Amino acid sequence: MAEDTNRSLYYEFVKGLWEENPIFRMLLGMCPTLAVTNSAVNGLAMGLATTFVLTCSSVMVSLVRKIVPSQVRLATFIVIIATFVTIADYFLKAFFPPISKQLGPYVPLIVVNCVILGRAEAFSSKNPISLSVADASGIGIGFTLALVSLGIVREILGNGSIFNISIFGEWFEPWIVMLLPAGAFITLGIMIGIINAFTIKKTGKGVCFGCSIGYKLQEKLVTAESMYLTPEELEAAKAKPEKKEKKKKEG
Amino acid sequence: MGDMQFIISASPHIRSEESVPKIMYSVIIALIPAIISSIFIFGLKSLWLIVTCTVVSILTEYIFQKIRKKDVTITDGSAAIAGILLALTLPPGFPYPAAALGAIVAIALGKHIFGGLGYNIFNPALIGRAFLQAAFPVLITTWERPLTWLSQEVDAITIATPLAMMKFDMKFESLEKMLIGNIGGSLGETSAIALLLGAAFLLYKGYIQWRIPAGIFTSVVILGGTFWIIDPSKYPDPLFHILAGGMVIGAFFMATDMVTSPITYKGYWIFGIGIGILTIIIRLFGGLPEGVMYSILLMNAITPLINRYTKPRILGRK
Amino acid sequence: MNKTVIRMLLVLTSVGVISGGALSGVYKAAFPRIERHRLEELKRAIFVVLPDAKNYKTLEKNELKVYQGIDETGNPVGIAFEAKGNGFQGKISMMVGIDNQFEKLTGMLVLDQIETPGLGAKIAKDKFQSQFKGLSISPEITYVKNKKPEKPNEIQAITAATISSKAVVKILNRQIKEITETFKLN
Amino acid sequence: MDILVIFIAAAIVNNFVLTYFLGICPFIGVSKRVDHAFSLGIATTFVMTMTAIITWLINHFILIKFNLPFLEYVSFIIVIASLVQLVEMFIRKVNPFLYRTLGIFLPLITTNCAVLGLALFAVLRDYSFIGTVVFGLGAGLGFTLAIVIMAGIREELDMADVPLPLQGAGITLITAGLLALSFMGFAGLITA
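Protein chains in written order, with the numbering used here: chain A, -1 to 249; chain B, 36 to 353; chain C, -16 to 169; chain D, 41 to 232.
It should be emphasised that the hints constitute simulated quantities derived from the structure, not laboratory data.
It should be emphasised that the depicted structure is a prediction, and the values quoted were computed from it without experimental measurement.
Even for Gly, the Cβ is constructed at its ideal location relative to N, Cα and C.
Possibly wrong hints are sitting among the right ones.
[Said to hold, decoys possible] Label-pair ranges, simulated between beta-carbon atoms:
{"hint": "1", "chain 1": "B", "residue 1": "300", "chain 2": "A", "residue 2": "68", "range": "56 to 66 Å"}
{"hint": "2", "chain 1": "B", "residue 1": "101", "chain 2": "A", "residue 2": "167", "range": "31 to 41 Å"}
{"hint": "3", "chain 1": "C", "residue 1": "107", "chain 2": "B", "residue 2": "264", "range": "18 to 28 Å"}
{"hint": "4", "chain 1": "B", "residue 1": "98", "chain 2": "C", "residue 2": "18", "range": "57 to 67 Å"}
[Unchecked claim] DSS-like cross-link-like pairs, simulated, lysine-lysine; straight-line CA separation at most 27 Å:
{"hint": "5", "chain 1": "D", "residue 1": "105", "chain 2": "A", "residue 2": "91"}
{"hint": "6", "chain 1": "C", "residue 1": "153", "chain 2": "A", "residue 2": "99"}
{"hint": "7", "chain 1": "C", "residue 1": "160", "chain 2": "B", "residue 2": "212"}
{"hint": "8", "chain 1": "C", "residue 1": "74", "chain 2": "C", "residue 2": "48"}
{"hint": "9", "chain 1": "C", "residue 1": "67", "chain 2": "C", "residue 2": "167"}
{"hint": "10", "chain 1": "A", "residue 1": "91", "chain 2": "C", "residue 2": "116"}
{"hint": "11", "chain 1": "C", "residue 1": "167", "chain 2": "C", "residue 2": "37"}
{"hint": "12", "chain 1": "C", "residue 1": "131", "chain 2": "C", "residue 2": "110"}
{"hint": "13", "chain 1": "C", "residue 1": "134", "chain 2": "C", "residue 2": "116"}
{"hint": "14", "chain 1": "B", "residue 1": "269", "chain 2": "C", "residue 2": "160"}
{"hint": "15", "chain 1": "C", "residue 1": "130", "chain 2": "B", "residue 2": "206"}
The following block holds chain A by itself, in its conformation from the complex (with noise of 0.2 Å):
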C-alpha cells in the first residue's frame, strides 16, 4: 500500500513535466507564457512565482476541501489563489524590486492563470495534500521549464545572450522582433508545431486542444467544444457521466 502512494506521488510529480506539460501539451497560461518570456530569467521569476503560488493553493485547497460546500467551491478557491498571488508580489517587490519591476503587472494575473484554478478544481479538491502537492509542484516546474525554454530561445535570437550573458559575436544581428508580442506567437507555434510533430509520431496524438479553456462550472464541463452546443445539447451532456474525469483517472 505504502508502495503504491510512492508510486502515484512519483508519477504525479513527473506528469505535469512533460505529459500533461501546462504549456506545451495542455496549452493552458498562455498570457503569462507570450508576455514575460522575452527573457530567460523572466521566465524563471513568472515561473517559479507561478509554482509557489499553485503549490500553496493546493494544500490550501486540498486541506479545505471536505468543509467547502460545492456551490461556493470555486468563489473560495479564487480568494485563496488571490491571497497567496498577493503574498507573491509583496515578497518579490520587497527582496527583488528589480524583478518585480520587469514581470509588472504580469504578477497580479497570475490569480487569472487557468493553470492554477484548472488544478484546483481538477486535482486537489479531489485529492489528500502529499498527491496535491506532488501534482502542483510537477505542473508547476513543468511550467517554469516551458517558460525558461521560451525565454532562451527568443533571448538568444532577439538578443544574442542566455541569461544575459552575452554568446555571439558582433557578427550577429538581433532579431528585435523576437523580443516583441509578434516574436512571441511565433516562437510558441513553432515550438507547439515541432513538440507536436513528434508526440504525433509516437502516440498518434496532438495536444489536447480544446482543453485550453476547459474548467468546471457546476459539474459540467466547459471546454471550447462545449462552446459550440446549444444549452439543449450541454444538458444532454450532462446527463452522461463525465467520461473525460474517468479517462484521466485509469490514465
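Assemble chains B, C and D onto chain A, guided by the hints.
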C-alpha cells in the same frame, strides 16, 4: 455515395484558360522595368539583392514541399515573385543574410504553414518585409543615396525617403524626382514610371483586378486631398501620396494578389478603399513614415470577413 | 437547505477574514522594505542627475514637486524633478536635474519606459542620456538626426527611433518650462 | 482628446490580445466561428466596461480611503466573478433569447485575464473615472476586433492544407503573430 468525392479547390479560382504559371510569369515580366530601373539607380548590388531573395525563396519552397512530400511547384513562378517583390521593398545595401532570412520567413511563415499557394492569408512578400522591419528596424531604414551620377550632392551616403522627410522634417520632395526615382527609398519603390509601365501591361492583359488599385487611389486622393486642403503646409498633396513610398508597387503588385484579396466586385472596392484609408492614417498620424505594407496586411487579415459579408447568399441558407 | 446556506456563508466569511488578516500581516511586514526601496531608488536617481548633491530636500509649489539637491555645506546645487509623458509605445518617466540658474541640465535619467526593445528603449542607455548633461535649455532643446549635434541645445536622436527621441525632447521642454516658471523666482 | 487617445490606444495600438497577451485563452479557444467570436466579444466588452466602473469605485472609495492596498487583487477578482454571475442571471431573466446566444460564453469570462488585466492597468495608470470607463470599453472592443478577425481567418483555414502538427494551436498562434506584425503599423499612432 461513399465513392463520390467533391473537388475542393482553394482560391484563386481562375475561371479563364490562363494557367497559374502563365499569369505568374507575366507578373515577373511586368516587374522587369522596375528591376532594371533599380539597378540603374542604385547599382549592381540591387541585382544581387534580388537574386538572393529569389533564390532563397525558391529553395525554401522546394525544401518545404520535399519535407511534406508534396509535388514540388517551384516552377510555377509564385515563389520567385514573392522573392522579387520582397527584394524590391528592401533598401539598397541591405545585408544579404538578413534579406535571405526575410525570404525564408516570407515563404515559410507567409505561405507554407498555411498549406502553400492558394491557402495563404497574408501576402508572403509583405510578411517577409514586415518581419524584417520588426527584426532589423535600423538596417531597414538606412537608405542609400542613388548613385552619384544621378545626384549632385555627395556629402552623405544615406538619405531620408520622401515620406520620412515629410514626417520628421516637414519637407516635401519634388514630384518629378519621385516620378523618375532619383530619391531615397527601397529598390522598387523609387521609380514610379517603371512600375506604372509594368502595371499597364498587367492591366492590359487583364491579369490584375483594376478595381483594387482604383479603390486605393480613389480613397487616397479623397482622404489625402481633404487633409491637404485643410492645411497644405502640414499635409502633402494627393499626388505626393500616390508617388511616394510603396504606394504604386503595393497597389498594383501586392494588393492585387489573387489569393489574399477578396473574391467579389464589392469586396475589391472595400479592400482597396480600406487600404487607402489605413495608409493615409498611418502616414499622417502614425509613428512610422510608411503604411502601405501594413495596410495591405491588415486588409489581408480581414479579407475572409469581407468575403463572408459580400458573398451572395446561397438560397436556403441563412 | 438552511443549513447549507449558513455553512456557505460561514465558509466564505472565514475564508475572507483569514485571507484579509494574512494579507494585512504580510503587507505590514513588507511595506517598510518596499518603501525603503522606493526612497533609495529616488535618492539614487536624484544623485545621478545632480552629481554634486550629497543630500536633498523636497519642495512643493502649485502642486508641483521638486527635489532640491544640497552639497556638504548645505548650499543648493540644483533642482531635480520627475518628467512624464507619452512616448512611442506608452508612458516615459524621467528624472531631470537642472542647475540653480535654470540655464543648463545637469543630467537626465530614464526611470520607466516601455519603448521598443533594442530601438526606442535605447533612450534608457547611457549613450543617449549622457547627451543631456550640460545641455543648454534656452532656447528649447532640439534634436538632430544622423549627425553630430552642433549647437549647445541639441542632442542626436537615436537612429531609426526618431519618435522616441522626439518624445523625450518634447516631454522635457514642456516640463522644464513649467518648473522654471514656478520655481525660478524663488 | 485624452479620452480619444485612451480609447484608440486600448482598442488598436496597444490591443490587449496582440500586444499585452491578455485574453489569449478565449482568443485561441473560441475563435473557430465568426458568430461565436462576435458574441463572446460583445459579452466580454460588456463585462469589461462594468468591471472598469466597479473596480474604479472600489479602488477609490474603499481601498484608497481605508488604506487597504493589499486587498486589491482579492477584491477585484471577487468583483469580476460576482459580476459575471450577476450579468448571467440578469440576461437570463430579461432576455432569454440573448441568453441563448451569450449566456453560454459568460462563465468563461471570469478567467479571461483581459478583464482582471484591465482593472489592474487602470489602477496602475491612474486613469480618471471617465478614462477608466473608456479604457474598459476600448479594450473590450479591441478584444472583439482581434477575436473576430482571427475567427474569420480560421474559418478560411478550415479548407486549407495546414501541416498536421501545426493544426489547431500552432497555426492559430502563428497567425496571431502575423496579425500582431500587421498591427505594428499602428505603433505610435497615439503619440506622434
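Right, here's what the structure says about each hint:
Take residue 300/B and residue 68/A: their Cβ atoms lie about 58 Å apart, and the range 56 to 66 Å holds. Separated by about 33 Å at the C-beta atoms, residue 101/B and residue 167/A satisfy the suggested range of 31 to 41 Å. Taking 18 to 28 Å as the suggested C-beta distance range, the pair residue 107/C and residue 264/B does not conform, at roughly 42 Å. Checked against the hint of 57 to 67 Å, the pair residue 98/B and residue 18/C passes, with Cβ atoms roughly 58 Å apart.
Between residue 105/D and residue 91/A, the direct Cα distance comes to roughly 23 Å. Compliance with the 27 Å bound is thereby established for this hinted pair. With a C-alpha separation of about 26 Å, the suggested pair residue 153/C and residue 99/A falls inside the 27 Å cut-off, and the hint holds. For a cut-off of 27 Å, the pair hint linking residue 160/C to residue 212/B is broken: about 42 Å separates their Cα positions. The suggested pairing of residue 74/C with residue 48/C holds, with an alpha-carbon distance near 19 Å, which does not exceed 27 Å.
Under the criterion of a C-alpha separation no larger than 27 Å, the hint pairing residue 67/C with residue 167/C is consistent with the structure, at around 20 Å. Taking the CA atoms of residue 91/A and residue 116/C, the gap is near 31 Å; set against the 27 Å cutoff, the hint is violated. Restraint check for residue 167/C and residue 37/C: the C-alpha separation of about 22 Å stays at or below 27 Å, so the hint holds. Distance restraint check for residue 131/C and residue 110/C: the Cα-Cα separation of roughly 13 Å lies within the 27 Å cut-off, and the hinted pair is therefore satisfied.
The hinted pair formed by residue 134/C and residue 116/C meets the criterion: a straight-line CA distance of about 14 Å does not exceed 27 Å. In summary, the hint linking residue 269/B to residue 160/C is supported, as the alpha carbons are separated by about 26 Å, within the 27 Å threshold. With a C-alpha separation of about 18 Å, the suggested pair residue 130/C and residue 206/B falls inside the 27 Å cut-off, and the hint holds.
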